[in-house]
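One-letter residues, chain by chain:
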Amino acid sequence: MSAAKRVQQWATFARTWHIFDCKWQDPYQSANIIKKYLMGLHKPIYHPMNDCGDVVVCINSREIALRGDDWRKRAYFHHTGYPGGASWTLAWELHNKDPTMIIKKAVYRAMKGNLQRRHTMERLFIYPGEEIPEDIKQNVSNQIRQLRLVPQRLDHIPEEEVQQYPKVMEYPPDYVLK
Amino acid sequence: MAFVRRFMPILSRLVQNTSSNQHQKIHRWVAPTLRELNRREDKNGGKIISPRNTYLEWNLEAELFAFGKRLKEDFDAALLFQAFTDRSYVIKEEMKQKEIKFDIKMKDNRELAEDGYKFMDEYIDLYLQAVLPKFPIEGVTGIKNHLLSEKVLANISFHLGTKDIILAAEYPVDNYKLANTFKAIVGALYRSSGEERTAHFVRDFVITQLQGQDVNEFLHIEDPWKLLKELISKAGSNIEPRLIGQAGTNTLLACYRVGIYINKEMLSAGFGETVNIAKEMASREALKKLFGTQENMYPINFRLKGIPKTNPEMRYQIAAS
Numbered sequence: 001m002s003a004a005k006r007v008q009q010w011a012t013f014a015r016t017w018h019i020f021d022c023k024w025q026d027p028y029q030s031a032n033i034i035k036k037y038l039m040g041l042h043k044p045i046y047h048p049m050n051d052c053g054d055v056v057v058c059i060n061s062r063e064i065a066l067r068g069d070d071w072r073k074r075a076y077f078h079h080t081g082y083p084g085g086a087s088w089t090l091a092w093e094l095h096n097k098d099p100t101m102i103i104k105k106a107v108y109r110a111m112k113g114n115l116q117r118r119h120t121m122e123r124l125f126i127y128p129g130e131e132i133p134e135d136i137k138q139n140v141s142n143q144i145r146q147l148r149l150v151p152q153r154l155d156h157i158p159e160e161e162v163q164q165y166p167k168v169m170e171y172p173p174d175y176v177l178k
Numbered sequence: 001m002a003f004v005r006r007f008m009p010i011l012s013r014l015v016q017n018t019s020s021n022q023h024q025k026i027h028r029w030v031a032p033t034l035r036e037l038n039r040r041e042d043k044n045g046g047k048i049i050s051p052r053n054t055y056l057e058w059n060l061e062a063e064l065f066a067f068g069k070r071l072k073e074d075f076d077a078a079l080l081f082q083a084f085t086d087r088s089y090v091i092k093e094e095m096k097q098k099e100i101k102f103d104i105k106m107k108d109n110r111e112l113a114e115d116g117y118k119f120m121d122e123y124i125d126l127y128l129q130a131v132l133p134k135f136p137i138e139g140v141t142g143i144k145n146h147l148l149s150e151k152v153l154a155n156i157s158f159h160l161g162t163k164d165i166i167l168a169a170e171y172p173v174d175n176y177k178l179a180n181t182f183k184a185i186v187g188a189l190y191r192s193s194g195e196e197r198t199a200h201f202v203r204d205f206v207i208t209q210l211q212g213q214d215v216n217e218f219l220h221i222e223d224p225w226k227l228l229k230e231l232i233s234k235a236g237s238n239i240e241p242r243l244i245g246q247a248g249t250n251t252l253l254a255c256y257r258v259g260i261y262i263n264k265e266m267l268s269a270g271f272g273e274t275v276n277i278a279k280e281m282a283s284r285e286a287l288k289k290l291f292g293t294q295e296n297m298y299p300i301n302f303r304l305k306g307i308p309k310t311n312p313e314m315r316y317q318i319a320a321s
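Those sequence lines, one after another, are chains A and B.
Counted from 1, the first sequence has number 25 at position 25 by my numbering; the numbering is strictly sequential.
Counted from 1, the second sequence has number 280 at position 280 by my numbering; the numbering is strictly sequential.
This is chain A alone, in the form it adopts within the complex (with noise of 0.2 Å):
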């Protein structure tokens, strides 16, 4: 083999590293999308017997938004393997146990179940906040793009530039406020 095919070779099984940002997004939703970039199905040499998929790097997993009053109602299962060992979680309360437990659960859900599963799932890499070591970082070098823009909310927009916006009108200063 000469150079230059060395090389081709070497640039076209390269992995990149992906980083996605949670916040705000539909764990069930994101996953898809997140499945794709780490089997390699995004690129045009895919096989399922090819190893050609890349590492997604997730940040802001605490911030995640699930669906109507799925916090309250989806339940996860587990089973010890005993006798009387079934349990059934809310999503509320494993999100406040692992902040990245609901989107690992989702990107291995949203695979299909084979042999190949548990070693691709070794290349998502989830970060509750935004904080992510170093070497990590640098490793880096594309973006996923957001499945939905992130809202502003109120109580995040300055003081000063709430009061400025154009109103309608005042409250008459007896009003009282509920």
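Stretch by stretch, here's where chain B covers chain A in the computed footprint (C-beta under 8 Å, at least three residues): (1) 6 to 17; (2) 138 to 146.
Non-contacting residues of chain A with respect to chain B, defined by C-beta distances greater than 10 Å in every case (computed): (3) K43; (4) D70; (5) E93; (6) K97; (7) T100; (8) F125; (9) P128.
Restricting the straight-line Cα-Cα distance to at most 30 Å, the calculated cross-link-like pairs of lysine-lysine (BS3-like) are: (10) B:K47 x B:K96; (11) A:K5 x B:K134; (12) A:K43 x A:K137; (13) B:K107 x B:K72; (14) B:K134 x B:K151; (15) B:K69 x B:K305; (16) B:K289 x B:K305; (17) B:K151 x B:K92; (18) B:K151 x A:K5; (19) B:K229 x A:K5; (20) A:K105 x A:K36; (21) B:K226 x B:K264; (22) B:K289 x B:K229; (23) B:K151 x B:K118; (24) A:K43 x B:K289; (25) B:K289 x B:K264; (26) A:K5 x B:K226; (27) A:K105 x A:K43; (28) B:K289 x A:K5; (29) B:K264 x A:K5; (30) B:K118 x B:K134.
Simulated from the structure, these hints should not be mistaken for lab results.
Cβ coordinates follow ideal geometry from the N, Cα and C atoms, glycine included.
Assemble chain B onto chain A, guided by the hints.
Chain B alone, transformed into the frame defined by chain A:
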């Protein structure tokens, strides 16, 4: 439909029967017999290959005539016979003749091979210079040396069917003798049909061996960056390398992409395991572009007629600088 349903069990049984009949039966005695035959063969010192020319109905004259006709060339019969006579065969014959006190002079193919080699050497050089007008002369020599190497010539010779016709002391003949015979055939053709016919013969059988090969592999460049810089500065411009991409910097699979820019325009890009390798590969790509031998070049023209002329002005000089 009811008819089909009623006879379904019978039909399915029929289908099953035919499929089981297709199973091939190999008798129990076959394997031990083959093993025994093999054992006896080994005991006698391996398989005996008898050369085709020891068979009763072998007719050398007819074979030589057919050889020329297969190639659609008109060889002089005596010259072609001489081209197929190896030195080892002449020595063997002389020893035999000494024993029976008999003397017939035989000519071997050394002289013809020398002629053929000289012709191929000159013609391939001219041809490559014509079809690769910007490629450095060192590269052209490299390609020529590859084409004229023993391995390539022996391969051509073998596939033209010289293996059984060559008159040599031993059988099967080695690569050296195959290659030598091919050179002698070219020499014989040169003497019998002239320059142009021979040139086309060499073009069709030797130069076409370049099909599908990367010609840049035959040009060895020690320091491509230095060379590129020299060539570009001669034209009055300056080049700068830029890191334009990287993946997995802290991992074993780190990959870098370096682009080479000339007047803020990208000339070429190269990948590598480190930045230095990527830079080197990028400069190699740039050199390929300058030499007109990049990945997406037009295929080499294998249809030039006659003997081409040289045109040294456009060629890049490496050694002179």
